[in-house]
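> Listed below, chain by chain, are the residues.
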Amino acid sequence: MTPIITTRFVNLFYNEFQALKNINMAILPHTVTALIGPSGCGKSSYLRLFNRMNDLIDGVSITGDIMVDGEMIYNKGIDIVELRRKVGMVFQKPNPFPKTIFENIAYGLRVNGVTDAKFISEKVEFSLHQAALWDEVKDKLKKSAFELSGGQQQRLCIARALAIEPSIILMDEPASALDPISTAKIEELIYELKRNYTIVIVTHNMQQAGRVSDHTAFFYLGELIEFGDTKEIFTNPKDKKTQNYITGRFG
Amino acid sequence: MKKFLKKAVEKTIEGVLFLSSTITTVTVVLIVFFLFREGKSLFQSSPLEEGFVLAINKENAVVDLSSNQIKNIFDQNITNWSELGGKDEPIFLFRLDDIGNYYTDEELGENLEFFPQKTNELIDKSAGIIAFFPKKSIDSNFSGKILAIENVNLYKFFSEKEWFPTAQPVAQLGVLSLILGTLWVSFGAILIALPLGLATAIYMAEIASKRVRNILKPLIELLAGIPSVVYGFFGLIVIVPQIQSLFGLPVGETALAGSIILGIMALPTIVTISEDALRTTPKEMKEASLALGANKWQTIHRVVIPFAGSGITAAAILGIGRAIGETMAVLMVTGNAAIIPHTFLEPVRTIPATIAAELGEAPQGGLHFKALFALACILFIMTIIVNLTVEYISSKRKNKTSH
Chain A
1 MTPIITTRFV
11 NLFYNEFQAL
21 KNINMAILPH
31 TVTALIGPSG
41 CGKSSYLRLF
51 NRMNDLIDGV
61 SITGDIMVDG
71 EMIYNKGIDI
81 VELRRKVGMV
91 FQKPNPFPKT
101 IFENIAYGLR
111 VNGVTDAKFI
121 SEKVEFSLHQ
131 AALWDEVKDK
141 LKKSAFELSG
151 GQQQRLCIAR
161 ALAIEPSIIL
171 MDEPASALDP
181 ISTAKIEELI
191 YELKRNYTIV
201 IVTHNMQQAG
211 RVSDHTAFFY
221 LGELIEFGDT
231 KEIFTNPKDK
241 KTQNYITGRF
251 G
Chain B
1 MKKFLKKAVE
11 KTIEGVLFLS
21 STITTVTVVL
31 IVFFLFREGK
41 SLFQSSPLEE
51 GFVLAINKEN
61 AVVDLSSNQI
71 KNIFDQNITN
81 WSELGGKDEP
91 IFLFRLDDIG
101 NYYTDEELGE
111 NLEFFPQKTN
121 ELIDKSAGII
131 AFFPKKSIDS
141 NFSGKILAIE
151 NVNLYKFFSE
161 KEWFPTAQPV
171 AQLGVLSLIL
181 GTLWVSFGAI
191 LIALPLGLAT
201 AIYMAEIASK
211 RVRNILKPLI
221 ELLAGIPSVV
231 YGFFGLIVIV
241 PQIQSLFGLP
251 VGETALAGSI
261 ILGIMALPTI
271 VTISEDALRT
281 TPKEMKEASL
291 ALGANKWQTI
301 HRVVIPFAGS
311 GITAAAILGI
321 GRAIGETMAV
331 LMVTGNAAII
341 PHTFLEPVRT
351 IPATIAAELG
361 EAPQGGLHFK
371 ALFALACILF
381 IMTIIVNLTV
391 EYISSKRKNK
401 TSH
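As you go down the protein sequences, you meet chains A and B in turn. First residue of the first sequence? That's 1 in the numbering used here, and the numbers climb one at a time after it. First residue of the second sequence? That's 1 in the numbering used here, and the numbers climb one at a time after it.
Among the clues, some could well be false.
Just a sample of chain A residues kept apart from chain B, beta carbon distances all over 10 Å, derived [unchecked claim]:
| no. | residue |
| --- | --- |
| 1 | Met1 |
| 2 | Gly40 |
| 3 | Lys76 |
| 4 | Glu82 |
| 5 | Gln130 |
| 6 | Ala132 |
| 7 | Ile181 |
| 8 | Asn205 |
| 9 | Arg211 |
| 10 | Glu223 |
| 11 | Lys241 |
| 12 | Thr247 |
| 13 | Arg249 |
Result set (DSSO-like, lysine-lysine): computed pairs, CA atoms no more than 30 Å apart in a straight line [what the hints assert, rightly or not]:
| no. | chain 1 | residue 1 | chain 2 | residue 2 |
| --- | --- | --- | --- | --- |
| 14 | A | Lys142 | A | Lys118 |
| 15 | A | Lys138 | B | Lys396 |
| 16 | B | Lys135 | A | Lys142 |
| 17 | B | Lys135 | B | Lys156 |
Simulated from the structure, these hints should not be mistaken for laboratory data. Note that beta-carbon positions come from the ideal geometry of N, C-alpha and C, so glycine has one too.
The following block holds chain A by itself, in its conformation from the complex:
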């Protein structure tokens, strides 16, 4: 299989501070890759490279090659809107828009120029089904998204990301603000989505990484310490630091 995301010798700086050091990694399609590591290790910065969300921060500079779906996404002339359509994102805290449930999902379509009302409503329903939220919200699509619980809001945000048919979904600690039951639902969902999407997930929760991911990458102080099969990493880590982190000796 050819990797869908490849990074070669990637360095990322916030002004003088180097947040990522020479990262080489390849992510295969239809897999779930977990990025783990202690706070400040660079895993979120790494995740945000793939849809160029780091561009929004002042003083960021990036070197190295980042290839998504066969394209060098930091080349000049790259259509960022097109890239972000391909690479959806779910954030740490549920962040629905101050709009109705329906309009939250329709948003991505509307800003991308879709006006066909029938298509939009079909897409909304389909995305909500995909995010396993349809049965809970089908009677209140016209209600504000803020009326949903935190877990429902997060699944709404996943549905919102799915609506524009990305091939990759980035998840930045998607369950860290949720209760255990909602977390379980999100994890189930990730497992379901793997069939159609490539998922990269940042998590602080070791068990979660172990449960949902096929591959795990351990970051420490901006370096990629170890990357491999999740089972392998959790049962037989090659690096001492990985072992210490996984067994909870620091982090």
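Mind docking chain B on chain A? Use the hints.
Relative to chain A, chain B alone:
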């Protein structure tokens, strides 16, 4: 001992703080109390000039007249009693000073001691007379009929169109034109200030670099610190002549000039508050929009502005509040004609400008004085409504962001 001292100091500070807040509260309550007490007393007074009466012939069927009718009689707009429900008889106006036209100085006596008697005689013999003269000139054998003048009441105060508090014989106290003038000018100000202020706020909150923002913000806030007289001068020298020549008007002092000046004055309020509201849009929400492939403008238009909607509304209403109460600058540029405006190119007169301009010449305790206080009460109620609306909107806003 040390402990005791410390406690005493603490108690003293507490006491001082408590006293300060009490004084503040009491002051506010007192201001409102006195304002409304003075304002209310207007509604128990007669609009007729104090110490004077209006009298008619005893045969005349008319019993009472409204202040507006009286004004029209004395302005000679009404010239026949039949127009007022009386007999077909031309109206004969008689004022105190006119007595010389009917009687010689000898007949009136050296010290006008025969004035009451002669007035009585005149009223008695002229069927169509309406006489306006001092109350003390009524003697025991007065045979005319004294007109009952209705006291000023709330309905008339709001419904009558003319504001002429020094009119003789009866004051015209219709505040409608002043209220409309105030609203008209304030509304115009918001029409000008809101688009401009909102655009500035969006620029500062979303687009400008930190450096530009650090220059812009203090500059805009400086606008709030300029004394309103200075705005008035600016309006008088720059805006009024421009309006006059641009629209080919006889005078440039118009509602439009007032709106422009008030618009500029309301800008800092609108910019600061709506910028704050725009900046409270969570970063995550903007990122979510961008991550869905929206560009910066779509994000501003579809996420940031709707999120800040209630804050922007509050900014607009507070801007109106600022405009409603503004006195000096408006007084200088609006022309101060107490007429109901029909276009922005007519002079108008606002409530605060009226109070400021007329309070100096209104005798304390008189009808005019009381009427100005009643105006102040109306202004107070208008601003209270504005503030309560803002309070309501921002409380709703807090509920929204707490999710």
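> Look at each hint and say if it fits the structure.
Comparing the hints with the structure gives:
no., hint, result
1, Met1, "holds, 26 Å"
2, Gly40, "holds, 19 Å"
3, Lys76, "holds, 18 Å"
4, Glu82, "violated, 8 Å"
5, Gln130, "holds, 16 Å"
6, Ala132, "holds, 20 Å"
7, Ile181, "holds, 20 Å"
8, Asn205, "holds, 20 Å"
9, Arg211, "holds, 25 Å"
10, Glu223, "holds, 26 Å"
11, Lys241, "holds, 31 Å"
12, Thr247, "holds, 33 Å"
13, Arg249, "holds, 32 Å"
14, A:Lys142 <-> A:Lys118, "holds, 16 Å"
15, A:Lys138 <-> B:Lys396, "holds, 27 Å"
16, B:Lys135 <-> A:Lys142, "violated, 73 Å"
17, B:Lys135 <-> B:Lys156, "holds, 25 Å"
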